[in-house]
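Given only the sequences and the hints, what does the whole structure look like? Please build it.
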Amino acid sequence: MDFKFSKVITGNFIFRKVFTLFFFVLYFLYIRFRIDPSLGYHWQEPSFFLGSGFLNQFLQYPGGLIRYAAKFISQFYYFPWLGTLIITITAWLISQITLKMLNLVVGDIKFHILHLLPAVLLIPLFSLYAFPYELVLGLFVSLLAFVLYAFYRPRIMSSRFIITLISFVLVYYLVGGVFFLFVLLVVLYELFVKKSLLLPVFQIVFSLLLPIITINIFVILLKDDVLSQLPSFLEFKPRIAPFLLYGFYIVLIPAVVIGKVLSKSIFEKGVLGKVKSFYRKTMFSTPGYIIKTAALLLLAVYFSLISFDRETKVMLTMDNYAQNKKWVEILELAQKRITTHRLVTFHTFRALYFTNNLSNNMFSFPQSRGLTSLIMSREFAYSAPLQCSNLYVELGLINEAQHWAHEALALKKLTPAVLQQMTLTSMINGNTEFAQLCLNKLKKSLLFKKWADTYQIYIENPNLFRSMPTIRQINAIQVTGDFYIRDNSPNELLELIIKNSSNNRMAFEYLMAYYLLAGNLEGIVNNIFRLQEFHYNYIPRHYEEALLLYKLKTGKKNLDLGDYQINTITEQRFEDFNSTLAKYPDGKISAQKELARKHGNTLWYYAMYY
Amino acid sequence: MKSKKIIKVSSAALTIFVILTCSFNQSRPNIKDFTEINRLPVIYPDYTDTVFPPNIAPLNFKIKETGKQFFIKIYSNSGDPIEIVSADSKVKISLKNWKKLIAANRGQNVYMDIFSKGENDTWMKFATITNTVANENIDEYAVYRILNPAYHVWSDVGIYQRNLTNFKESVILHNNLLDKACVNCHSFHKNNPDEMMLHLRGGPGTALLLVQNGFKANINTTTDFNSSPGAYRDWHPDGDIIAFSVNKVHQFFHARGENRDVYDQASDIILYNIRSNMVTTCPQISLPDQMETYPMWSMDGKYLYFCRAPQPVTEKGEHFPYQTVFYELMRIPYHVETGSWGEIESVLPKSKTGGSITHPKISPDGKYILFCKCDYGNFSIYRPESDLYLLDLSTGEFRRLAMNSDRSDSYHSWSSNGRWFIFSSKREDGIIAKLYLSYFDTDGKAYKPVLLPQKDPSFYDTFIQTYNVPELVTGPVKIGPRMLRKLAYDRENAVDADLDPAVMSRDDSPDLSMPWQSAPN
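The listed protein sequences correspond, in order, to chains A and B.
Residues in the first sequence are numbered consecutively from 0, following the numbering used here.
Residues in the second sequence are numbered consecutively from 268, following the numbering used here.
Rather than coming from a laboratory, the hints here were simulated on the basis of the structure.
Beta carbons: idealized from backbone N, C-alpha and C, even for Gly.
Be aware that a few hints might be false.
As the list claims (entries may be wrong) - A short, non-exhaustive set of chain A residues, derived as facing chain B with CB atoms under 8 Å: (1) Ser262; (2) Ser264; (3) Lys440; (4) Asp481.
To be verified - Restraint-style ranges between C-beta atoms, simulated for each label pair: (5) A:Ser51 <-> B:Thr389: 30 to 36 Å; (6) B:Ser437 <-> A:Pro153: 51 to 57 Å; (7) B:Phe587 <-> A:Asn525: 24 to 30 Å.
Right, here's the structure in full:
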């Protein structure tokens, strides 16, 4: 070994270990606090059930087993710390297997931090909440298979063919489409490192034939078979992220081998020789390591900055809060106005209602998408069927809640959350037989067995179930009469709910909110008599604003408000709104700033500017 | 040295074998004393007092009684009894022993004694379960569709065939091969697996896939007369003509009770001639003020039976009066050689049934019509009150079959010998339809049905998908999923059916929309 190459390496051994530890601690903290894998769980809802029936589904096609294993592992994303640990260990394992690869391919060269590069390239993948764990697990297994292949490569040619046949079939069946990465690595290894020609040709042909053979065995399409296990179809930031990761491994072997050859030939003498010598002295010295380390960290920072999806994180966090009925936290997050995603607005309405703010403070929150987010249209509900189902439970329309729980089954497949919702809605509807079926399935999940056991007690003791405060509340407002559900007309639907249930204050407030958002002042006026029915002590602020606006628009001075009166403060505010507007002869555009400051949380402002 | 190694390895292997054998095959317990319990044990599926086919797969079941061990003895007048010891309450019967026992006892009773061992190691014996082996076989295969309980969105939909003599199930066509298209309404000519048709919607396009003794076709059955493709269907006995209903379907949801409901806004009947690739109809079966559906040929092919209801007249914006739509059973003479029609006549009017008739299916001997009756409408699978009724064509009398449940009992199909029918029933939970086989004797009596047996007795405990459109066929469907996929995507050779020049085209906007849609990716 020439010059001080290995000594420098040895001298930096401790630094390397410390740096690796430091790197993965940072990695861990980033994933835990910036990404939060439990939100990934919330998005994907990976379902895993014990029993041969569930396993059998995954034995029916290549790549099924890796999916099965990934579902088992990724269900633990449910616990944020455990999920973070899983992701960090996965990144570490991939870096370690990369190190092994490097050692196998170019045994005599030591790399300082190159093996950490894939962990950095994984950041954009793990930052995507929709990123399925199976893709990275498939990558790891493919790399591991390659390392095992290279390590145990037989000396006898005929054995190599046999090993090829066996390993290719096994790896293909195990990982599906990622198998082609394994094939590429094996072929490149044979070509560049082992200088073999016949075997790689055979391997290429066999690898192309294999999927064609298997599609006649499994009822699966080639495109699903090959592409489903590759991450290219997901919307990564940057889009190129997975290609960089896969490209790294594909380029690695030829680059290192060609580099070695060039190093020993044209980079040996003359100017190029000097360049090589300078490069080595610089890059394989302490400053060189610092530069490379800094570059790696900078790349990691760059990827974490561009790949982080703040809006989706807020949306998922809010959805998670909604699932756990953390209404105050939802409103706190909504106040930050990070996103106008319809689901965020949808949950904000629910939170406003459950904190008694809907009719008084609705316009303190962004309402640019309010009208289309209050009650989900069918198209909107397809993207959030369980959330839609939850709203209908709260509105006492259990049939529709059950309907959307079943749509969720078709859209999201058999996830624990879907099973829980189907159980709940069936039990409220009195169909304990179907609830039992759902519970039987849930009992086979690791994380929700306890929940299922609790509900089993409820099935066996219906009175206990009915006496739960939430169920009592739902039953008290449940729709009792049948009607034809019109999901394309929220006001008609809400009116029918009010008519066919008693004390359904939520339906009333939602109906009024709909009229406010739709600018249907007549609707507000026509339903104001219901305040008494729902035992209001006063006219809520936004309704007062609507009544004043109605009076102004229609010129009607006296409205029948029963025992209620419009608060004088509201009247004063309305006067101030109008006088502020009048100050600006150019009209509403120039008045907007001042009106927003003084009256931005009113119906009047919403009616004028939305 | 080498031989010692061999001996060591062999001994180890033998030991493992013995351990495994002992752990898996529990020996027959020595039950000398037991307490008799004067009631039947609770088992699932409820295989008690049933009549089952002599060629059916073992009726595996679960014992829903407490006990730390169970001993089951299955026996009859002839043959060796089957003895099973079960520690987990699951009873899995050996296929070979089962076949031997029931083959030797056609027309005889088969008994099951169930003993359970209590916590204090004492044995109890329940009253003996009796079932009867019928004399007549059931057709060997059932073809059915499996899907999630359908609301608006479908995702995984597949048509499967099950060998009823064992537990083998295979895919005929699954929509994962068809860009998530809906595959539905498979049908066979005279229970013949080589003459099959099915529909596609979405994915490669709306089409009728037809396979008939080697002939394969991808057909668009919409014409200038019918903007909707053929839906409910029945093959004429001669095999060349298929009668279809063409329906405009609407789905909606109820706020209380069964939440799904479907009605037809319009429907007619057409005939599709396979040889001439021509669609025809006649005014009597396509009246604008009537909705005709569920066509069915008489066994001699001389009559076309169908269901018909007056088309409600609604003003714009008015709700469709779905609860006032009642289908009656009609028939019309048809002359296959000339293609001429006779006068339409009422077979079973609403005044007699008090409800609405759907899915009429004539028995292979031509004596009976098995149909569904519900309170209104024509979508019996969504109507909890739907029951199976039998019309005796010789007397015109009809009656509700005793084997019905208080939940939807619907779609049914006869076996080729007429001694069995299969049907789907939601009797267990009101949402998931399962398949039942019922024996039908020569006197027109239908017996307590047998739930389609599964290899794993716990199968139904966690199976949250629904079975529908069961059809019995005499053998396996040989065409495979790949071939059907190829046919579905073969747009070049797809054919548009011609409209009979004698039939007036209708000024009707094309309507391929359906209330169900594929799940977005």
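Hint by hint, here is what the structure shows:
Taken as an interface hint, Ser262 (chain A) does not check out: its beta carbon lies about 48 Å from the nearest beta carbon of chain B, beyond 8 Å. For the restraint placing Ser264 (chain A) at the interface with chain B, the shortest Cβ-Cβ distance is roughly 51 Å, beyond the 8 Å limit, so the hint is violated. At a threshold of 8 Å, the smallest CB-CB gap from Lys440 (chain A) to chain B is about 4 Å, leaving the interface hint in force. Here the hint on Asp481 (chain A) is kept, as its CB sits about 4 Å from the closest CB of chain B, short of 8 Å.
Separated by about 33 Å at the C-beta atoms, Ser51 (chain A) and Thr389 (chain B) satisfy the suggested range of 30 to 36 Å. Taking 51 to 57 Å as the suggested C-beta distance range, the pair Ser437 (chain B) and Pro153 (chain A) does not conform, at roughly 39 Å. A hinted range of 24 to 30 Å for the beta carbons of Phe587 (chain B) and Asn525 (chain A) is consistent with their spacing of about 28 Å.
The structure does not agree with the numbered hints 1, 2, 6 stated previously, though it agrees with the rest.
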